[in-house]
Amino acid sequence: MYKLLLCLRYLQTRYLAFICIVSVMLGVATLIVVNAVMSGFSTKLKDRLHGVLSDIVIDTDRIEGMFVFAKNAEDDRRPLLTADQICKMIEDSPAGDRIEAVSPTIEVFAILQFPFRGQTQTKPVRLIGIDPVRRAAVGGFSEYLVRQRGLPNPSFDLSPDALLQHDWNKRRQQREDELMNQPEPPGVIRIPDPNAPAPIPAPRMDLDKGMPEAKLSGVIPGYTLAHLRYRNLAGDVMEEVALSPGDAVTITTIGGANIRPVWGSFLVTDYIKTEMSEYDQSFVYVPLDQLQKIRGMDGRCTAIQIRLKNYDQDKAFVTAELKKLFGESDIRIATWEENQGPLLAAIDVERGILNLLLFMIVGVAGFSILAIFTMIVSEKYRDIGILKSLGASSGGVMSIFLGYGLLLGTVGCGFGTVLGLWITYRINTIEKFLTEVTGVAVFPRDVYYFKDIPTNIDPMNVLLVNLGAIAIATVFSILPSYRAARLHPVRALRFE
Amino acid sequence: MLKAEKLFKTYRRHAVQVRVLTGLELEVRTGEFLSIVGASGSGKSTLLHLLGTLDAPDSGTISLDGKRIDNLPARERDLLRNKTFGYIFQFYHLLPELNTLDNVLMPAYIAHSTTGWWKSRAKWRARAEELLKKVGLGHRLKHRPRELSGGEMQRAAVARALLAHPRVLLADEPTGNLDAETGGEIVRLLRDLNREEGVTIVMVTHNLDIVHATDRVVRMVGGTVTEDSRSFQPRPHLAAI
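Going line by line, the protein sequences match chains A and B. Residue numbering for the first sequence follows my numbering, starting at 1 and increasing by one per position. Residue numbering for the second sequence follows my numbering, starting at 1001 and increasing by one per position.
Hints listed in this document are in silico derivations from the structure and should not be mistaken for laboratory results. From the three backbone atoms N, C-alpha and C, an ideal C-beta is built for every residue, glycine too. A hint or two may mislead.
Said to hold, decoys possible - Just a few of them, taken from the derived set where beta-carbon distance is under 8 Å, the chain B residues facing chain A: (1) L1072; (2) P1073; (3) D1078; (4) L1079; (5) F1089; (6) P1107; (7) W1117; (8) K1119; (9) A1122.
Claimed, not checked - Residues of chain B clear of chain A, computed beta-carbon distances all greater than 10 Å: (10) R1012; (11) V1016; (12) N1082; (13) L1094; (14) R1125.
Isolated chain B (complex conformation) (with noise of 0.2 Å):
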């Protein structure tokens, strides 16, 4: 579905340049909870924005369903942006000028025109105080993202994510700023999303004690994928969480 061919990035500072992607090869399949390791500073976060089309690589190729997306115009990454990924950041980035309600609605507000949207409010209306409910803050929706817990925070950042029925779900280290516990419970809901409602996702941590709960994982070192989840094996003082 999503395919990564000989992606190479590097970060230009004046005279310093940072190789973060070198010769990356990956593809993710449909309907696959991916989940993608490393330390940091492997290129895990600029592969996961490569992949979104926030940024372009140097070199390679990124394809979806064989169309490359790599070179697309801006007004076509837009879309791709807004219908078919879903994201999901370590710190969750939600509006702080708008509620609850508002940031979910927020990929149907971009998507449609003043007049466009008040023909289909209802609809999104409705979609996102069900995906609220869904993910456990039905009775949040007009509170500020200030008013919420950071376990809160991700799970609205989670809803926003599915609004527009997106295809794949980018997650960046969605279990970074969150204990453990709560941790957990935002990686069991994706893993429910993605069984239940069929959503790709391709979820970077490095925190090996989630990648559990995903059907697959590869681990990145050095800007290049070097295991794959046949290989790969959690180390054994963690397999038990």
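Isolated chain A (complex conformation) (with noise of 0.2 Å):
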């Protein structure tokens, strides 16, 4: 009984005990905050990356797409499949019970240009050709569209606004070109200076004399390929519509029996904002249709995506399957976790790391503990002699300072996880505040393309933090609280 009451009374009334608390109560703080950040931020991260991509992806590194032969036996000629043969073989196989939706897709990089404040803007993007109704089945796509956001049968048809912007266009085009077609007006005489270098000619859109004339073939950048971000003078960030619905883009990319550049006007029907950078900068959607006739495919794809009904039941059963139905071939069949495995082992590898160092805060505060515990220890001295001479054990004197660790980590860890989540709860609010007060952005929002600092609390994680915590702080206590059980008594009493 002597331990608990000692401990709680040395609670109450040493006021060094104060600092313990408050380190490990910091650490433990700063260990929820920044645990709740990251698996903010990881969590978002592998939940766009998996609304992005379907749940299984099959594909091959062939530029002129999957070689899939039927398989009949007694015919010798066996025909090449279709995209759509394949998907209709993948819906019969035994895994098509799981399976929810397939769609065919054509994945190939490619040249953007389109004219922008009277240059050709050139980007290298990566083309995607896809039958939008099917792709929205399986998901990741629809919802991300801006214009035509959740619609269950999106499509590449150009809204009204949008044929009345490619309409003005094309005037506006026609009415340039008769501007720089005009004769010279009577009574002009031109001297020709003959030391002047030949004239450039201006860029334009038909950068080839192949070039077809744009027809109603839609297309659907990504988000920022289609609006130009920058700081203006005052330092903020603004937007610019580069692309409008209605404008014309040119698409140049490979195909063709010998590989050669390819090319196709499109106009731009919305736009894909995943909010995945690095997609909203390089994805390009086309019809699959339009690609397989500019690349010479003959209704052959690259990828074909599938989502399953239960991703987490049926994902090995599904792509084992799989496997056995498409065989020994250059056919690739993926998770897309395991497509994007070196991201997400990266993610978890930085949170381990990260973990790691700040789990040294509270290394730090152990070693605080572990200062005043010495010193503590020298202060009680006299009582440390007063309790054994009145009957206390060596084991119970090492218990009150154990004890006492135990609930300095305990009280620090209990304060720290009340500090954590509150923090947790208000970032957004404390990142503003902060950055009215210092002036500085603290969460730049255009670098991150979230709206909010995202946070996720895991308990378990909570669990461990506070587990790890009070074990610090109690391991620290051990060495203090053993020199206190190991004092001699009659010593202890003649401390001055």
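Once you've looked at the hints, go ahead and assemble the two chains, each given alone in its own frame, into the complex.
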């Protein structure tokens, strides 16, 4: 009983103990906040990755697309399957019952060109040919569209305002062409300068004579591709529309039997905004059939996106069945996690290292407990002698100080958890306050594309942080406690 | 009751050796109020520590009721200090974080586990309050030691020493830090306890003024007993005090 009594009294009366509590509290609060924010970023990133990517992807490195032949043993001239036939084969396989939706796609690198501020903008992009309805069924598409958000049947069709914009663009182009081709007014005599360099032709959309005229094929570029972001003189982030719905773009990629440059003109119908900067600044969606035609792919595709009815439960079975179905070939079958393995592993490693480094803060708190406990034990020499003269055992004396360490750790953890959770729940308010006070953006939203700082509190993580901190507080109080226990009662009573 | 035979004790610090007890022989009888006098450094306090098992002799034996107690395991010595012996120190040695009542209750806190304490706390509280009333501190139960005078602190220490009904009270210079009047009160309190409750008291003092209150006086010189009460005579000019 005396151990508990003295632990509590020492906690109430020793102001040095307050320093220990504050050390542990700050360490625990920091760990909880950083873990919550890291977990928030990680969860949001995973959600977005999984949101954009289908559950299982079947793809090939062959730029010509998948070469899958019909399985017909009686016929040596087995026909090459089209994308739709491959999808049918997948749906008819044993894994078919567990598949929600299948969508063939073509993914290939390309160059996107469009006029902006009198110049032709050229950007490397990832060109994806899709059937919008089937792609939407797989998921990770229509929910990220800006103008057709959440529609079950998104399309590449131009909306009325996009058609108006296209018409206006056409008429403007015609007017510009008329002005450029006007004859010289009578009476103007131009004296040619023999030293003048040859005139450089103004940049134009039709870079090649073979460029087909823009047809009403839609394109959905990434939001960042279509919107220019910059900082004005005041330092504010500004956004300017570079591509409006109805604007024409030219996309150049490679295709054909001899892998040569091919191109096509498309009209912007919508934007895709995944809030993943890598995707928003590189993804360009075009109709699958149009891309097949431009690239001469004869109904083939380079990838098949699959959505499962229950991803966690069925991923292993479906992957195994698909591997059996496609056999030994250059076709790769992987879940979205396997495809993003290095990135996801990097996030986990980063979080682990950060946790390790931050736990050193609690380690520092542990050393402060060691130092302060050593001082307290020195102060309490005489008390230890009194207790021993009254019959307290050495183990009992050790228990007082170990219990004291445990109590300090527990109280510090309790306050630290409350503080950490409070900061986590109020982190965006705190961030805004700090930004207002310091004038420096603590969380620049244009960098992260998040409206708010994402947080995710994992109760298990909070528990582990608490247990770790309490263990450190207790472990660091062992040495001073042992010294107290070893103290000879007579020497302690004579201590001045 | 309490017997020390051929006790030797030497304190060593680096190369320096101080021989404190040199073959001391002493027997304390049951119910006796014994005072041990002697000059500073004569070994009085060391003897008290050895008798109360706070320290162990280099050689010789100490026995209680014929049973050796100088070589007991640590746990049994702890029990002896908790239940059989009561200590009173010159500097009171109350725990500053606790109030008077909790200080007095400390031997009971030590004797009981947390669950055991809640079962018997009422009995112990009553005993502690009764003792504090007896020593004149019934109105000071919730006061911290720093709020008490020297005499009050020593009376609280006496109450603490008596809480567990000890058979032997070991008092080390109980009046050494008090003025003559307050010291006299403490000695009278000890004498009353000895007579009314039959507690055996061994009191170490170098103050010859207070030994007249005790049953027996022994003088120590150079780590051994040189005189006992029959031959011991207080100095004439102090006898009247």
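Tested hints:
Hint on L1072 of chain B is violated. Least Cβ distance to chain A is approximately 13 Å, over the 8 Å limit. Hint status for P1073 of chain B relative to chain A: violated, with the closest Cβ pair at about 11 Å, above 8 Å. Interface restraint check: D1078 of chain B against chain A, minimum CB-CB distance 5 Å, threshold 8 Å, status holds. Satisfaction of the interface hint for L1079 of chain B is found here, the shortest Cβ-Cβ separation to chain A being roughly 7 Å, below the 8 Å cut-off.
The criterion of a C-beta within 8 Å of any C-beta in chain A is met by F1089 of chain B, whose closest approach is roughly 7 Å, and the hint holds. Given the 8 Å rule on beta carbons, the hint for P1107 of chain B holds: about 5 Å separates it from the nearest Cβ of chain A. Given hint, W1117 of chain B at the interface with chain A, holds; its Cβ is 4 Å from that chain's nearest Cβ, closer than 8 Å. Interface restraint check for K1119 of chain B: the shortest CB-CB distance to chain A comes to about 11 Å, outside 8 Å, so the restraint is violated.
Restraint check, A1122 of chain B versus chain A: the minimum CB separation of about 14 Å is more than 8 Å; hint violated. Against chain A, the non-interface label of R1012 of chain B holds: every CB pair exceeds 10 Å, the least being about 13 Å. Once the 10 Å rule is applied to beta carbons, V1016 of chain B is consistent with being away from chain A; the minimum gap is 16 Å. Here N1082 of chain B does not stay apart from chain A, with its beta-carbon only about 2 Å from theirs, under the 10 Å limit.
Residue-level check failed: L1094 of chain B sits 8 Å from the nearest beta carbon of chain A, not beyond 10 Å. Separation of R1125 of chain B from chain A is adequate, the least Cβ-Cβ distance of about 13 Å exceeding the 10 Å criterion.
Of the numbered hints listed earlier, those contradicted by the structure are 1, 2, 8, 9, 12 and 13.
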